[in-house]
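As a plain string of letters, each chain reads:
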Amino acid sequence: MILIVAEYQATTLKSYSAELATVAKKLGDSVEAVVFGAKGADAAKKLGNYGVSKVHVLDNAALEKFEADGYTKVLCDLITSAKPAMVLATASPLGKEIMPRVAMRNKTGLIADSVALDMKDGKLVGRHPIYAGKALVDEVVEGPLAMALARPNAFSTEKVGDSDAEIMVVAADPGTERCVVKEVKQAEQGDVELTEANVVVSGGRSLASADNFKIIRDCAKAFGGAVGASRAAVDAGYISHDHQVGQTGKTVNPTLYIACGISGAIQHIAGMRTSKYIVAINKDPEAPIFSKADLGLVGDLFEIVPLLTKKIQEIKKSE
Amino acid sequence: MKIGILLKQVPDTETKIQLTADKTSVDTSAVKWIVNPYDENAIEAAIQLKEKKGGEVIVFSMGPARCVDAMRTALAMGADRAVRVDTADGEWDSYTTAVALAEALKAEGVELVFAGKQAIDDDASQMVQLVAERMGAASLGIIETFELSEDGKSATVTRPVSGGTKEIIQVTLPAVFGCDKGLNTPRYASLPGIMKAKAKPVVEKKGAELLGGETIKIKKMGYSLPPERQPGRKLTGSPQELVDGLVKFLKEDVKII
Ligand SMILES: Cc1cc2nc3c(=O)[nH]c(=O)nc-3n(C[C@H](O)[C@H](O)[C@H](O)COP(=O)(O)OP(=O)(O)OC[C@H]3O[C@@H](n4cnc5c(N)ncnc54)[C@H](O)[C@@H]3O)c2cc1C
Ligand SMILES: Nc1ncnc2c1ncn2[C@@H]1O[C@H](COP(=O)(O)O)[C@@H](O)[C@H]1O
Chain A
1 MILIVAEYQA
11 TTLKSYSAEL
21 ATVAKKLGDS
31 VEAVVFGAKG
41 ADAAKKLGNY
51 GVSKVHVLDN
61 AALEKFEADG
71 YTKVLCDLIT
81 SAKPAMVLAT
91 ASPLGKEIMP
101 RVAMRNKTGL
111 IADSVALDMK
121 DGKLVGRHPI
131 YAGKALVDEV
141 VEGPLAMALA
151 RPNAFSTEKV
161 GDSDAEIMVV
171 AADPGTERCV
181 VKEVKQAEQG
191 DVELTEANVV
201 VSGGRSLASA
211 DNFKIIRDCA
221 KAFGGAVGAS
231 RAAVDAGYIS
241 HDHQVGQTGK
251 TVNPTLYIAC
261 GISGAIQHIA
271 GMRTSKYIVA
281 INKDPEAPIF
291 SKADLGLVGD
301 LFEIVPLLTK
311 KIQEIKKSE
Chain B
1 MKIGILLKQV
11 PDTETKIQLT
21 ADKTSVDTSA
31 VKWIVNPYDE
41 NAIEAAIQLK
51 EKKGGEVIVF
61 SMGPARCVDA
71 MRTALAMGAD
81 RAVRVDTADG
91 EWDSYTTAVA
101 LAEALKAEGV
111 ELVFAGKQAI
121 DDDASQMVQL
131 VAERMGAASL
141 GIIETFELSE
151 DGKSATVTRP
161 VSGGTKEIIQ
171 VTLPAVFGCD
181 KGLNTPRYAS
191 LPGIMKAKAK
201 PVVEKKGAEL
211 LGGETIKIKK
221 MGYSLPPERQ
231 PGRKLTGSPQ
241 ELVDGLVKFL
251 KEDVKII
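First to last, the sequence lines map onto chains A and B.
Residues 1 to 319 (our numbering) make up the first sequence, in order.
Residues 1 to 257 (our numbering) make up the second sequence, in order.
Note that these hints are calculated values from the structure, not bench results.
Any given hint could be a false lead.
[Said to hold, decoys possible] If you want the footprint, here are the derived chain B segments under chain A, 3+ residues with CB under 8 Å:
#, segment
1, 27-37
2, 239-246
[Claimed, not checked] Here are some chain A residues the structure puts well away from chain B; computed CB gaps all over 10 Å:
#, residue
3, 30
4, 81
5, 96
6, 138
7, 139
8, 212
Ideal Cβ placement from N, Cα and C applies to all residues, glycine included.
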């Protein structure tokens with residue numbers, strides 16, 4: 001049995017959890033899911049559409065909020081009782097925090113941030129980008145319990161049915177928690193997480209002020225996407241470091257990446273090279289970013305981006 | 001308090017990555033080595049804490065002899081001494097590396113560890129949690145602020161979660177933290193600092209001796225290079241023409257609208 005760690009926000013299943021179910025199904029074994037907190041049951045039962053037969057709902061009020069120690073313990077407890085051959089999760093903040101601990105506690109290996117998962121000679125093989133995507137390594141887990149993290153947006157989703165998965169509520173005991181959340185500072189309403197976004201619109205130094213960055217924010221919003229930035233824009237104080245894409249920022253892999261007034265330094269490319277489509281808007285026809293872009297627009301972003309935003313808003317409204 | 005730094009020496013960001021002829025590893029013969037960028041923030045965090053609250057800062061690095069160069073950078077910035085875990089005699093993956101590092105940290109009685117959130121060569125992002133688990137310590141993989149409590153028994157940190165939301169978390173020590181760029185601005189080593197670093201002690205430990213018989217859990221099957229991105233079309237014209245061209249592309253190729 002393959003156990004996948006499902007995630008949800010409010011009452012909605014994370015799209016990467018459907019991606020995880022789809023890839024798990026293709027590995028050939030039966031697939032069950034685990035979700036933390038009773039509130040996740042409704043969202044997670046939809047995984048039935050992607051081939052998940054059963055969802056283990058780990059129930060305890062303390063699990064309504066993420067805490068690494070508690071989540072690690074209850075997942076390890078489930079592994080002990082359900083005895084999966086494989087545990088897969090997403091390379092999300094949650095997955096990255098707990099899966100290495102679960103692996104160490106089970107004395108096994110964890111394939112990090114994989115973009116492909118396959119079976120070879122009965123063993124799980126994951127393809128993991130290294131050196132900021134400049135190379136790929138194929139890794140195989142030796143040992144009885146194979147574990148891997150899957151990169152969000154790197155796998156497709158495929159429905160295989162339209163029935164809900166069976167729900168099994170399990171009373172869970174998170175034990176002692178050493179990381180107590182004291183306060184949550186909510187981001188601006190509707191801010192989309194960069195690393196999960198399907199569309200990213202990024203701005204660079206050329207925006208010239210924090211106020212001007214609104215042009216980028218508005219465009220991202222029109223697409224329902226996230227706002228990215230180059231390091232030069234972050235260093236100049238136009239936008240916070242959370243938004244930096246690149247070697248020392250975040251790695252994004254959206255379907256569409258629009259780089260506005262970004263030159264295309266190697267450290268920036270490192271964070272967005274795996275985007276499915278790259279569009280560059282730059283007034284310098286020789287800008288290096290054009291050599292990485294599927295479509296390049298040579299022109300002034302201050303003219304082009306607001307027009308694009310308006311056009312996308314019109315299209316979305318008529319949909 | 002003993003404060004530990006985990007430091008990895010990695011190829012410079014500008015390095016062109018090439019594979020060995022048999023594709024069983026990355027060719028590092030012509031690489032320029034640097035301190036992993038996030039580990040600079042870890043060094044800074046440790047030194048700032050020592051300046052405020054006292055204590056001893058020990059830097060730990062696992063790797064071959066060349067790693068001493070990277071450790072000297074940390075010593076020049078203000079760390080007190082260094083422990084290098086030599087890798088010549090063992091087989092290493094994240095698991096065995098974590099076991100050896102955790103044992104080395106425990107042997108020195110380190111209670112608080114700063115590491116980078118990610119090594120820019122293996123991009124694994126799991127050492128913080130692995131080492132913490134092995135040490136029996138708490139951990140958070142990415143922090144953006146850090147403050148030690150008055151009694152030194154806990155720390156209050158900021159952790160970024162999805163979509164720019166932040167959690168303020170109180171963590172009971174011992175703990176291992178992964179540092180992000182926004183945490184601080186790493187200082188430059190001063191000239192006197194560089195001179196002093198030369199005399200600071202660097203001890204060597206044998207990696208295999210720290211493993212207690214534990215073996216690697218992940219085998220590398222082979223390396224490949226991703227296909228180079230081919231440059232696509234370039235459009236010129238009036239802003240309106242450019243936007244129309246882009247919208248057509250989004251409809252027909254990207255199929256996103
Ligand atoms: C160790 C290290 C790590 C780094 N990490 C990162 C990282 O994580 N992310 C990152 O982004 N960078 C990183 N950098 C910095 C990187 O090398 C570049 O300096 C940076 O990406 C440049 O940002 P930029 O493209 O916004 O600015 P610039 O390079 O100054 O480019 C501005 C571009 O805007 C164009 N332009 C100007 N005005 C307009 C206009 N009106 N309309 C359209 N186009 C216009 C120009 O033609 C130019 O191409 C790192 C560097 C180092 C050394
Ligand atoms: N060989 C090593 N020696 C010392 N520290 C390491 C080593 N490998 C990883 N680390 C630390 O762990 C962090 C995360 O690495 P990783 O999990 O490999 O991405 C790095 O930024 C370092 O601080």
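Cross-check of the supplied hints:
Proximity of the segment 27-37 of chain B to chain A, defined as three or more residues with a beta carbon under 8 Å from a beta carbon of that chain, is not established by the 1 residues found. Interface restraint, the segment 239-246 of chain B with chain A: holds (6 residues with C-beta to C-beta distance below 8 Å; minimum three). Consistency note on residue 30 (chain A): stated as away from chain B, and its beta-carbon is indeed over 10 Å from all of that chain's, at 24 Å minimum. Residue placement check: residue 81 (chain A) keeps its beta carbon more than 10 Å from all beta carbons of chain B (closest about 21 Å).
Taking the minimum C-beta to C-beta distance to chain B, about 6 Å, the non-interface status of residue 96 (chain A) is violated against the 10 Å cut. Not every CB of chain B is more than 10 Å from the CB of residue 138 (chain A) (nearest about 4 Å), against its label as outside the interface. Not every CB of chain B is more than 10 Å from the CB of residue 139 (chain A) (nearest about 5 Å), against its label as outside the interface. Distance check for residue 212 (chain A) against chain B: the nearest CB is about 17 Å away, which clears 10 Å, and the non-interface claim stands.
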